[in-house]
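Protein chains in written order, with this note's numbering: chain A, 25 to 504; chain B, 130 to 340.
These are computed hints drawn from the structure, not numbers from a lab. Here the structure is a predicted model, which means the values were calculated and not measured. A portion of the hints provided could be inaccurate.
Claimed, not checked - Derived pair list, reagent style DSS-like, types lysine-lysine, alpha-carbon separation capped at 30 Å:
1. A:LYS410 - A:LYS326
2. B:LYS323 - A:LYS68
3. A:LYS128 - B:LYS323
4. A:LYS218 - B:LYS323
5. A:LYS68 - A:LYS397
6. A:LYS410 - A:LYS397
7. A:LYS170 - A:LYS218
8. A:LYS60 - B:LYS323
9. A:LYS111 - A:LYS420
10. A:LYS410 - B:LYS323
11. B:LYS323 - A:LYS219
12. A:LYS326 - A:LYS397
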Amino acid sequence: MDPRIAPPFPDAALPILQNTQLRKNVAHATDVIQEKRNRLVAEKQDWQELRTAAAAIRAHVLANLATYLEQFETNCTAAGGVVHWAKDAAEAREIILEILREEKASEVIKIKSMTSAEIQLNPALEAAGITAIETDLAELILQLGKDEPSHIVVPALHVNRQQVREIFARRMGLPGLPDDPEALTAAARTYLRKKFLSVPAAISGANFLIAENGSVAIVESEGNGRMCLTLPRTLIALAGIEKVLPRFGDLEVLLQVLARSATGERLNPYNSLWSGVTPGDGPQRFHVVLLDNGRSEILGLKVERQTLQCIRCAACLNTCPVYRQTGGHAYGSPYGGPIGAILTPQLEHMRHAQSLPYASSLCAACYEVCPVKINIPEVLIDLRAKVVDQEREETKRWFDPMFMGMKVANFAFGSAARFGLAQWFGRLGLRFFTDKDGWIRKLPNLGARWTLSRDLPGMPDQTFRQWWAEREAGRNKEAR
Amino acid sequence: MTRSSRQAILDRVRAATSSDADRYENIPRGYVRAGELDLQGCIALMTERLHEYGAEVVECAPADLPHIMVRQLQHSGRHHFVVPTGVPAEWLGSGVTWMVDESLGHDDIEQCGGVVTGASAGVADSGTIVLHHGPAEGRRVITLLPDFHLCILRASQIVETLPEYFARFTDPPRLATYISGPSATADIEMTRIKGVHGPRFLSVILVRDDA
Numbered sequence: 025m026d027p028r029i030a031p032p033f034p035d036a037a038l039p040i041l042q043n044t045q046l047r048k049n050v051a052h053a054t055d056v057i058q059e060k061r062n063r064l065v066a067e068k069q070d071w072q073e074l075r076t077a078a079a080a081i082r083a084h085v086l087a088n089l090a091t092y093l094e095q096f097e098t099n100c101t102a103a104g105g106v107v108h109w110a111k112d113a114a115e116a117r118e119i120i121l122e123i124l125r126e127e128k129a130s131e132v133i134k135i136k137s138m139t140s141a142e143i144q145l146n147p148a149l150e151a152a153g154i155t156a157i158e159t160d161l162a163e164l165i166l167q168l169g170k171d172e173p174s175h176i177v178v179p180a181l182h183v184n185r186q187q188v189r190e191i192f193a194r195r196m197g198l199p200g201l202p203d204d205p206e207a208l209t210a211a212a213r214t215y216l217r218k219k220f221l222s223v224p225a226a227i228s229g230a231n232f233l234i235a236e237n238g239s240v241a242i243v244e245s246e247g248n249g250r251m252c253l254t255l256p257r258t259l260i261a262l263a264g265i266e267k268v269l270p271r272f273g274d275l276e277v278l279l280q281v282l283a284r285s286a287t288g289e290r291l292n293p294y295n296s297l298w299s300g301v302t303p304g305d306g307p308q309r310f311h312v313v314l315l316d317n318g319r320s321e322i323l324g325l326k327v328e329r330q331t332l333q334c335i336r337c338a339a340c341l342n343t344c345p346v347y348r349q350t351g352g353h354a355y356g357s358p359y360g361g362p363i364g365a366i367l368t369p370q371l372e373h374m375r376h377a378q379s380l381p382y383a384s385s386l387c388a389a390c391y392e393v394c395p396v397k398i399n400i401p402e403v404l405i406d407l408r409a410k411v412v413d414q415e416r417e418e419t420k421r422w423f424d425p426m427f428m429g430m431k432v433a434n435f436a437f438g439s440a441a442r443f444g445l446a447q448w449f450g451r452l453g454l455r456f457f458t459d460k461d462g463w464i465r466k467l468p469n470l471g472a473r474w475t476l477s478r479d480l481p482g483m484p485d486q487t488f489r490q491w492w493a494e495r496e497a498g499r500n501k502e503a504r
Numbered sequence: 130m131t132r133s134s135r136q137a138i139l140d141r142v143r144a145a146t147s148s149d150a151d152r153y154e155n156i157p158r159g160y161v162r163a164g165e166l167d168l169q170g171c172i173a174l175m176t177e178r179l180h181e182y183g184a185e186v187v188e189c190a191p192a193d194l195p196h197i198m199v200r201q202l203q204h205s206g207r208h209h210f211v212v213p214t215g216v217p218a219e220w221l222g223s224g225v226t227w228m229v230d231e232s233l234g235h236d237d238i239e240q241c242g243g244v245v246t247g248a249s250a251g252v253a254d255s256g257t258i259v260l261h262h263g264p265a266e267g268r269r270v271i272t273l274l275p276d277f278h279l280c281i282l283r284a285s286q287i288v289e290t291l292p293e294y295f296a297r298f299t300d301p302p303r304l305a306t307y308i309s310g311p312s313a314t315a316d317i318e319m320t321r322i323k324g325v326h327g328p329r330f331l332s333v334i335l336v337r338d339d340a
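Modelling step: build the complete structure from the supplied sequences, incorporating the hints.
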């Protein structure tokens, strides 16, 4: 899932749209989450006030980010943690590898972390001879099945129980394993228990960093997070620099909106908070890696900054009419769906993934459900403008039929006479493609992009302008 | 290398936000902070939520706690129970085997049938049990490895809303675990399965210290 080598969205989406099994799995999962989410949001009388507060807290953090990062660093260090700063993915990987080398760790257990996928950590660990063991059930399914995540919260939602059974039976050596979710979950529990008790180092992401006391928060459901945060000797938390909150008390807003938006629960089954190192309880060596990787650049842009308010709840994915058809793989990034469509190209400094801002109908369903009120359509449009600006700089645009078509259209629409002439030519040309019943079902070249998925009504015999002129002429006759 | 990255990142962040002026106090907080229920209502809601999670709930008077505790533990069909060092000695009735957590190893804790702890707070709205891992709640590991958790929650510790909990603890705890239902996953076809890694069975004794 490297956006630098991923194919453009339309190319990646087309084969997926033909995979009916995957589409069924994605539709089912997103329906279930949305139904739960909507029910729990409806019962919350103060939902809009919570959203307003959550958005304001996140915006406030971003406006004062340097102050809060320094506060977090000071307090985390005082509590016994070690804070590292990474400009980019490569530096973050290097810092983490260095810590693990010092620990002489040959294995490391991991809590699900999208940031870890963003920096492509697992391939780097493998290259360094360190076995990464994903402990979230969904991530374990993907890791054993050599698959990629397709959702921020439920990364394996595109896989069904028979597929999970097949993967577990093969990779865990359990040929008689049945395919009911209970048995599959039990198999994962047994498989991972030994690892939890023996592996000396763990890597986590972070849902929130609390500036006030330097603590880190992880929300989860399964308890694999608590295992990783409690049992190993060494713990490394990787977090984007935007993850800070000013105070412990701000969690009263963010935990409520996150749980309802992400999984349709009043609170996640487990929320863990810890500050640095506590003697006798949990890992005695604790590192935090603060990752920039393009974030400080986004911070300086007026419209784009709100992208960093995101708390990764994935409500925008579940509601998006595009994501619900394609699932996450088409986005070619660990961050799919509407938030991925704005975040991914920006993290790539607009040098890759430029097709993603177009992977949207701009219906704004994402904005409506966003618990921190990110105006995703606004950012999408701004990014589209940037992509067009980039294309304007390219000389090869003169060979692009779309560009040439627009140039011609621009010329034709410039005067009434030229427009009338173009209409006449258009009607003449389209006549060859119009069926007897007056519908156009197949157009060549660029026109095929329309007729691929829908029909086009044929051109009428008379244009509106011709009709109007005739009508006016008739009136004048009557008046006389 | 990290040293210079730190400075570079902070410089870039400062440059990007140089024209911002935004005060923490101005964050609008129009959401519900204080609940409306009286204590009886809070206890009823807490009990309802815990039942929704499949947890067992019994109420008892403070004086009855030791024998109710032993009854619940025997009822669970388990025999060995970990307790943190800060649990009052008079709680530890006879009839079950207690293992006081004086730096027990992970394997010893794993071998135990269950664990008994106190709590720091209960949030009725979400049915959340809050552990700050003080002397009566113990190290994080003891409420993680055993499959059965008996939690003693006093009525006076229950608040209705999450903001009320945060209002009670303005001084942030060093460690905290919020438990809202037992360990669960919905990763396979969104089917909710109880008990992936944490305790699969949660039992709560509500001590009516309000009466």
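Hints, one by one, checked against the model:
no.: 1; hint: A:LYS410 - A:LYS326; verdict: holds, 14 Å
no.: 2; hint: B:LYS323 - A:LYS68; verdict: holds, 26 Å
no.: 3; hint: A:LYS128 - B:LYS323; verdict: violated, 36 Å
no.: 4; hint: A:LYS218 - B:LYS323; verdict: holds, 20 Å
no.: 5; hint: A:LYS68 - A:LYS397; verdict: holds, 17 Å
no.: 6; hint: A:LYS410 - A:LYS397; verdict: holds, 23 Å
no.: 7; hint: A:LYS170 - A:LYS218; verdict: holds, 22 Å
no.: 8; hint: A:LYS60 - B:LYS323; verdict: holds, 17 Å
no.: 9; hint: A:LYS111 - A:LYS420; verdict: violated, 34 Å
no.: 10; hint: A:LYS410 - B:LYS323; verdict: violated, 48 Å
no.: 11; hint: B:LYS323 - A:LYS219; verdict: holds, 21 Å
no.: 12; hint: A:LYS326 - A:LYS397; verdict: holds, 15 Å
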